Amino acid sequence: MATEVAISAASDRVARRLPRLGWVAVVCAAFILLLVAVAIFAPWIAPHDPNQVDILAAHEGPSAQHLLGTDSLGRDLLSRLIYGARLSLIGPALIVVIATVVGTFLAILSAWMGGWVDGLTSRVLDILFAFPGLIFAILAVALFGPGLMAPVIALSIAYLPYDARVLRSVALRERSLPYIEACYIEGLPTRRITLGHLLPNILPFVLVQATLSFGYALVDLAAISYLGLGVAPPTPEWGLMVANGQSSIISGYPQESLFAGFMIVATVVAFNLLGDRLATHFSVRGQ
Amino acid sequence: MARFVVQRFGALILTLLVASFIIFGSLYLAPGDPATVIAGGHATPDILEQVRIQNHLNDPFWSRYWAWLSDVLHGDLGESFIYREPVTALLAPRVGNTVFLVVYASILILGVGIPLGLSSALRRRLGSVVTVGTAVGMATPAFVAAIVLITVFATTLGWFPVFGAGAGFVGRLWHLTLPAIALAFSWVAYVTLITKASVREELVREHVETARSRGIPWPLIVRRHVFRNALIPVTTVAGLTVAGLVAGAVVVEQAFGLNGVGSGLVQAASRKDFVVVQAISLLLVATFVIANAVVDLVNGLLDPRIRLTKSR
Numbered sequence: 001m002a003t004e005v006a007i008s009a010a011s012d013r014v015a016r017r018l019p020r021l022g023w024v025a026v027v028c029a030a031f032i033l034l035l036v037a038v039a040i041f042a043p044w045i046a047p048h049d050p051n052q053v054d055i056l057a058a059h060e061g062p063s064a065q066h067l068l069g070t071d072s073l074g075r076d077l078l079s080r081l082i083y084g085a086r087l088s089l090i091g092p093a094l095i096v097v098i099a100t101v102v103g104t105f106l107a108i109l110s111a112w113m114g115g116w117v118d119g120l121t122s123r124v125l126d127i128l129f130a131f132p133g134l135i136f137a138i139l140a141v142a143l144f145g146p147g148l149m150a151p152v153i154a155l156s157i158a159y160l161p162y163d164a165r166v167l168r169s170v171a172l173r174e175r176s177l178p179y180i181e182a183c184y185i186e187g188l189p190t191r192r193i194t195l196g197h198l199l200p201n202i203l204p205f206v207l208v209q210a211t212l213s214f215g216y217a218l219v220d221l222a223a224i225s226y227l228g229l230g231v232a233p234p235t236p237e238w239g240l241m242v243a244n245g246q247s248s249i250i251s252g253y254p255q256e257s258l259f260a261g262f263m264i265v266a267t268v269v270a271f272n273l274l275g276d277r278l279a280t281h282f283s284v285r286g287q
Numbered sequence: 001m002a003r004f005v006v007q008r009f010g011a012l013i014l015t016l017l018v019a020s021f022i023i024f025g026s027l028y029l030a031p032g033d034p035a036t037v038i039a040g041g042h043a044t045p046d047i048l049e050q051v052r053i054q055n056h057l058n059d060p061f062w063s064r065y066w067a068w069l070s071d072v073l074h075g076d077l078g079e080s081f082i083y084r085e086p087v088t089a090l091l092a093p094r095v096g097n098t099v100f101l102v103v104y105a106s107i108l109i110l111g112v113g114i115p116l117g118l119s120s121a122l123r124r125r126l127g128s129v130v131t132v133g134t135a136v137g138m139a140t141p142a143f144v145a146a147i148v149l150i151t152v153f154a155t156t157l158g159w160f161p162v163f164g165a166g167a168g169f170v171g172r173l174w175h176l177t178l179p180a181i182a183l184a185f186s187w188v189a190y191v192t193l194i195t196k197a198s199v200r201e202e203l204v205r206e207h208v209e210t211a212r213s214r215g216i217p218w219p220l221i222v223r224r225h226v227f228r229n230a231l232i233p234v235t236t237v238a239g240l241t242v243a244g245l246v247a248g249a250v251v252v253e254q255a256f257g258l259n260g261v262g263s264g265l266v267q268a269a270s271r272k273d274f275v276v277v278q279a280i281s282l283l284l285v286a287t288f289v290i291a292n293a294v295v296d297l298v299n300g301l302l303d304p305r306i307r308l309t310k311s312r
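Chains A and B are the protein sequences, given in the same order.
When the first sequence is numbered by our numbering, its final residue is 287 and no position is left out of the sequence of numbers.
When the second sequence is numbered by our numbering, its final residue is 312 and no position is left out of the sequence of numbers.
Chain A extracted, bound-state conformation:
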């Protein structure tokens, strides 16, 4: 009984919140959740084995057997797209988590310490800005070999300065508010003020930053796979599928490239719009 009341109260609260976020954000969030579910439950959802080759069934159009048709080796495109969601989402997720966690830490550190710590961090980040993410990732691949990890780590480093710079200014503004001063006067240890009070209050901005960077990370990482410097075929991955399908375009079978490209664009649109709406939502609430 009590839990039922609590649940209905919670869903009431969510229901009241949702209209304020706007339907665009809700649709985007639903699409992203659907994608994540598809990625997790890929083995149960996919109608075929994504790597099952059937040369006789190459380049088939959509049919009951293959809903989106087949690729140049007769593999089921829908199943490859479904399995492809896994690597295509995990890579950017790793980049975003590493970049935002380290970025948030650096932001709080420089906002709290100020002085030479702040100066040094800002200089180092300024220099990191000089490396376009893609070029940094290619350099890393040349050193450590192709795969998922080298580009993921390189792109995390390349995304770090953007996150750290935005969050530092947020942390600085938060730091100057009276409640932080009150904590300080109360004699709370630094760790409790920064982690217990400052961090929770900049968390909405961390979320916005992470959502917005996800789209860029997905594009950059898919580009690396497209260039043949990321995960190796026959692994299903969207960027790789765009590249794999390119040779069939001239013979009149653009499906594989177009479907995979569509998935990339749709996912990035969802993350960008959601991040955009969250940013407006939180900044309106913050004022």
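These are computed hints drawn from the structure, not numbers from a lab.
Errors might be hidden in some of the hints.
[Claimed, not checked] Covered, in the sense of this in silico footprint (three residues per stretch, anywhere, with C-beta under 8 Å from a C-beta of chain B), are these stretches of chain A: (1) 223 to 235; (2) 248 to 260; (3) 267 to 275.
[Stated by the list, open to error] Label-pair distances were calculated between CB atoms; the ranges are: (4) Pro233/A x Ile82/B: 22 to 32 Å; (5) Asp126/A x Asp33/B: 31 to 41 Å; (6) Val26/A x Trp159/B: 36 to 46 Å; (7) Ala92/B x Leu177/A: 57 to 67 Å; (8) Leu177/A x Thr88/B: 50 to 60 Å; (9) Ala89/B x Val26/A: 54 to 64 Å; (10) Pro233/A x Glu85/B: 27 to 37 Å; (11) Leu203/B x Gln65/A: 48 to 58 Å; (12) Ala92/B x Asp126/A: 26 to 36 Å; (13) Arg125/B x Leu33/A: 26 to 36 Å; (14) Arg125/B x Ala30/A: 21 to 31 Å.
In this text, all values refer to a predicted model and were calculated from it rather than measured experimentally.
Glycine included, C-beta positions come from ideal geometry on N, C-alpha and C.
With chain A held as given, fit chain B onto it using these hints.
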């Protein structure tokens, strides 16, 4: 003023130095012997020794860095291990295509993005179409745009060639049209968005209201009082996008099979020709940093407010 220029210039030199150091030092981050990284896994001890001598690998770290840097500053970018040719000789025929592509794309970005942003800010009805368009445009990676363009205009309609860079000015223009559109695509959306926001902001400012109340014709107000002021943030962003095109060109050149600096980087990286990767990365990063610094400088010269806040 002089102080601002000197400060910017100093920051530029420092950034370039550190960037060159990171690119040089990255060789020592890789697991194993640097000579093996340069020569690949299957090199004989003789070849490894030759690589060590050629790349000064037996010298102390700092003197190696200095030797490499002074070589680079003298225009010697090292020698490709796979082609046994100087990197500069490998790059020379490629630079033209990349420059042509980037300039072509920049013209498209400014020529399409700014008018589109302006008209969508002025006409409310166009607004929502442009909002959806920019959201999709900004989310479209260059290689996906390339695939769609190849499918529609190169294979289905047959208006443009599928790959290659063409010869002569007209041939190049024709061959590089689709690549330039693919490269420009997401940036056009971005510049449109920025222009639209900037014009909207300017439209409701007091001086525009005043000009209207004085009965100045609307087109004149737009041209003289709105557009000019609105262009300040646009030039900043436009300058930065042009710098960003240097990185985007890597993907587009590969997608259209163009012989450019960027596709050279990708090929070198997949063949593990590390000296070439190092040289091209340095070249691209330097171009990016210098372009950014020029944008910064020009903005500082145009707008005194930037100069004052940035030099603290």
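Taking the earlier hints as the rules, which of them does this structure contradict? none
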